[in-house]
Amino acid sequence: MGGDEDVASAIVSDAPRLTNLAADGARLIGRFVRAHPVSFAIAVFGSFNFAAAIVVSALVVGRITDDVIVPVLDGGEPIDGRLRGAVIALALIALWKAIGIVIRRSGATWMQGRTQADLRTRLIEHLLGLELSWIRRQSTGDLLAVSDSDAGQSTYVLGPFPFASGAFMLLIGSIVIVFLIDPLLGVITGVGLITKVVVDITGAWRTFARFEGVQVRRGETSAVAHESIDGALTVKALGREDHEVERFAEVSLRLRDELIEIARRFTLYDAVQDALPPLTTVAVLVVGASRIDVGAMSAGDLATIAYLLSLIAFPLRLIGFVLWEVSGSLAAYRRVEQVLQVDDSVRYGALATAGAAGAAGLASDGSLTFGFDDDVVLSDIDIDIEPGETVAIVGPTGSGKSTLVTLFARLWDPTAGTIRLDGRDLRDFARSALAGEVAFVGQDVFLFDDTVRGNISFGVDASDHDVIEAAKLAAAHDFITELPDGYATRLGERGTSLSGGQRQRIALARALVRRPRLLILDDATSAVDPSIETGILVRLKESAIPSTVVLVAYRRSSIALADRVVYLEDGKVLGQGTHDELVASVPGYARLIRAYEEDAAEREAAR
Amino acid sequence: MNGEMTTRAALRRLFTEIPGLGRGLLLTAGLAMLGTGLQVAIPVVVQLIIDIDILGGDKVDVASAVRRGGLAVLAMVVASFARRSATFRLSRLSAAALAELRIKVFAHLHRLSALHVQAERRGALVARVTSDIYRIQDFMEWGGMGIMIGVSQVVLAVAAMLVYRWQLAVLVVLGVTIYGLALLVFQRILGRAHDRVRERVADSMSALGESITGLPTVRAYGAEGPTLHRVRSAVDAQFRAEFKTYSLGSALFSSAEVFAGGLTAAVVGVGILLGPDSGLTAGGLIAFLFLVNLLVQPVQTLVETLDTAQAAGAGMRKVIGVLDTPVDLADPVDGAGLPDRPLDVAVRDLSFAYPTGGTVLQDVSVSIAPGRRVAVVGQTGSGKTTFAKLVVRLLDPSTGVVEIGGIPVDQVRFGSLRARVGYVPQEGFLFDTSVAENIRYGKPGVGDDGIRLAFADLGLTEWVEQLPDGIHTQVGEGGSQLSAGERQLVALTRAWMSQPDLLVLDEATSAVDPALEVSLRRAIDRLISGRTSITIAHRLSTAEASDEVLVFDHGRLVERGHHRDLVAAGGVYSSMHHDWMAGTRT
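So the protein sequences, as listed, match chains A and B.
Reminder that position 295 of the first sequence reads as 299 in the numbering used here, one-by-one numbering, no gaps.
Reminder that position 11 of the second sequence reads as 1284 in the numbering used here, one-by-one numbering, no gaps.
No lab work stands behind these hints, which were simulated from the structure alone.
Bear in mind that the values here come from a model prediction, so they are computed numbers and not experimental data.
For every residue, glycine included, the Cβ atom is placed at its ideal position computed from N, Cα and C.
Mixed in with the good hints, there may be bad ones.
[Claimed, not checked] Take a look, some chain B residues computed to stay more than 12 Å from chain A by CB distance:
no.: 1; residue: Gly-1453
no.: 2; residue: Asp-1468
no.: 3; residue: Leu-1579
no.: 4; residue: Gln-1583
no.: 5; residue: Ala-1609
no.: 6; residue: Glu-1676
no.: 7; residue: Arg-1686
no.: 8; residue: Pro-1717
no.: 9; residue: Glu-1832
no.: 10; residue: Gly-1843
[Said to hold, decoys possible] Footprint (simulated), chain B over chain A, 3 or more residues, beta carbon under 8 Å:
no.: 11; segment: 147-154
no.: 12; segment: 450-458
Please model the complete structure; the sequences and the hints are all you need to start from.
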């Protein structure tokens, strides 16, 4: 609710200097061009052809004026073969210009699209290798925005850039041509056109910073709309609809004012730069008349210059336009670069396998510690889990249970200390080797936009038989067969939606299909009915999968299935042993278990 | 209801919704027309200077050319100002008009129950006041200007041509018309290609989104390889589709050049063949070469504008869909205020069914005396939450009446109803600001001391003081910095601020830590003591402590009475109670 009126104005005052912008922009474009030099060269080649065709078409118009139009229409001379030549020349030049456009646009589109695709792939590749602890600290929305809109916007400057290079050549070429026809007119044309470009660039410069402000305002408007619509029930219950409308009106009107302010500036510069070519043309015509008078040039030369000026106006705008785009692209690329430069990749070892069969053992040395900055989450954890054991990790909210099991799967690395799987440091395993030994199932299940089968066999080659076996073990087979297309039913964002418990069972099947030697369940069955959960865990123990199981438990019934309980409080192990031993010896554990039992009973009763 | 509405009808509706939109539009159009003179003046000046001043006599008349040039400069300055003024006026108008429309739609949204009933539609509703409106605005600003300038440029250019040589004018107009029609066909082909691109873009966005959102899962299963492969192929497919479509687009775009060139060549050929006897001068023919370019370009712009008009029309249709949805929970005209005494609740024959079918509540009748503490229990889907929402009029019943303090709720002024009747939903929504601001939301204008006092009254001083910044602690988006139980504490305190006479409370179901649980219960006890209260109970202990229990089952009120008596009666409640007792004693 708190307004931050200063964001937009802060951005405006923070606008970088024009020279910096040009230098940074050149570096950015240079980087992209180096990656795709051929398509860039093609685009620029097309653009230069276009520019050349424009200059030549103006020269031809002048020539036609002198050779055909004036002699025939003014001098009354008969029509001769030159007319046919003129007509053919005009048509061919048009074709040349069109080919130039096609070449330029194809090259530019290729380069921009390819760069965009490369950036996105590189971003995802980089993100996939980064420490999860870093990823967790980012907002998913921000990372999505970087890989989607920022990666896109970074490359927008590549669209108009080849055209602008052609336009620049056109500017130089035109001034030179006019100068060669008549130096005085060359000076007039040069002054007129260069002033136009300068006004255009200044306008873009003055406006683009404001344009960032519009983006900020639009963001504000969406944020208020989002929040207000999400909280609609509360708004209504408290009778604050009018207040919400007022709040929305406030940001909405601020956006309006920002847009109007932009229009005020932009239209002013726009009008001036728009008027400059016609004004230059008039000056050229008047001065040109006197030059013709003294015999320095012909009527055709005048037609050439006027025609050139009428054709050049639009391409020249592209030079200012590039500046607009470059500022946006630079800002977006900076955000992309920030992610690409994060030097927090997980380092993997070379071990391809733990070299053992059957259930895995897991042990930490007593100094195992984990924390963020100054915040210690786990300290001095000493755990030794025997192969084939089922161990429940129990503790109050915030005691570090989830963090601990996350370390076991090497999703995060400990700050100090070592975790060993069958005596080998987790960090010695090769990139995907650990996933073959350890399966981790969390509370929040992510389903991919794929079939049920694809979601279960995710990332491994599993036969239909294996998938079905895993689903049966996870108590998922029955509901899967009742789905519209059974195992071929599409899930995910655009597919069938499943209940929380069903999603968790799919995730469990996904873990089991890999026949892990160590299975970690981080409250992975929280939404599954307790009786089904018990069934799953019992079947798992009896199954042919030789697995050690570590589970973070919130239910008395799941704790009952464990051979051993590890009780955590404030990031420290306060007790290890059987449930009964802990109830007798650790008061905190006994209290927590009682609270779970009461809560479960009440819930069960009030259902 | 407006599925058949055409783009034209939708845009016309825009003018009725925002009466200010038409204001000064004629003047703006006039200025745009004047502004266009800037471009069209050039061929005319070229013709005059060449024909009269240069070729007109034996000698070039420089003085006349200077006079003519001076006049032209003057005209251009005026035209330039006119154009600037037209563009700015249109930008200002569309920014203001669309802000007005946006606020209007937003206000209407808040009057619809769909906003809090259909959670899954929320994202789409946000789009109604953001992206849909931006699209209309883009069209009005750029499309509107494109149309104004384009049309006046076409009109002026054709007029100039007709003055010079009607035969050539007919040739050019005919050519341009055929070209315009061809462009329309191209546009349609291109439109279909763009649809395919949009599909590919959606695919690659979804692949990117998945790989980021599902990253922890990908890591847990060591599936980086296949994930990256999927992203790469989706992104490449998008690139290929885009390249194909844009290449087609540039071929179409460049056809304008071929066409303009061909037309120029034709004009030169025909003009010369017509010869001087037809009255065509050298300057006139040269002017035509300029005019051809002035005509081809706006035709291209106009065709493109048609395309944005379609998009704007689609946005407008969606916006109209919102505005045309009747307000289902209206503040009554001349509504009554609730009587100034403790409030009782009387419900008669209350039924509720969703329009899509599915009866949620059926023939419920009950009266609750002032000051009573009532608990509502029942299984998920028994209709107890719907009952609560009907009582506080967050929904209107299909049939039946709810009376509070003797007045039917639909005849009570919202101002009075919301001030005297408090409702605390299960998931109390918190705004992304401080704890204090969230409390103040329940009672605008209350000071920090008042807020601290409220926490103290509910026994929450200790809790609020241990927050990083006390009552000024920021709660984050949707209250994400607080736990579910803590959010409930803030929501309860917010309800306490308005000191309602009737309180309807939906108990939270999510598990909370034992310590927080104590605070929550104490706060709820203090909140409901001394006022009429209806609590949707998810714990039987709440029911046990109440004066009366209402038991819902499959949309009907099946039992009511005191906990004691209901347990003894041996019905639905009794068996629920039995399970509970059995459960705690495991």
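Chain A versus B:Arg-1686 - minimum CB to CB distance exceeding 12 Å, so not interface: violated (10 Å)
Does B:Gly-1453 clear chain A by more than 12 Å, comparing its Cβ with all Cβ atoms of that chain? holds (18 Å)
Taking C-beta pairs only, is B:Gly-1843 more than 12 Å away from all of chain A? With a cut-off of 12 Å, B:Gly-1843 remains clear of chain A, as the shortest Cβ separation is near 16 Å.
Would the least Cβ to Cβ distance between B:Leu-1579 and chain A come out above 12 Å? Non-interface label stands for B:Leu-1579: nearest chain A Cβ at 21 Å, farther than 12 Å.
If I take the minimum Cβ distance from B:Ala-1609 to any residue of chain A, is it greater than 12 Å? holds (16 Å)
Beyond 12 Å from every chain A Cβ - status for B:Glu-1832: B:Glu-1832 clear of chain A: closest Cβ-Cβ about 15 Å, beyond 12 Å.
8 Å C-beta test of the segment 450-458 of chain A against chain B, three or more residues: Since three or more residues must qualify, the claim that chain B covers the segment 450-458 of chain A holds, with 3 doing so at under 8 Å.
12 Å Cβ clearance of B:Asp-1468 from chain A: holds (17 Å)
At 12 Å, judged by beta carbons, does B:Glu-1676 keep clear of chain A as stated? B:Glu-1676 clear of chain A: closest Cβ-Cβ about 19 Å, beyond 12 Å.
Report holds if the minimum CB distance from B:Pro-1717 to chain A is greater than 12 Å, and violated otherwise. violated (7 Å)
Could you let me know if the closest chain A CB is still more than 12 Å away from the CB of B:Gln-1583? Per Cβ check, B:Gln-1583 is outside 12 Å of chain A; nearest 23 Å; holds.
Against chain B, does the segment 147-154 of chain A show at least 3 residues with beta-carbon separation below 8 Å? Three-residue rule met by the segment 147-154 of chain A, so holds; n is 4.
Going through the hint list in order, the structure does not satisfy hints 7, 8.
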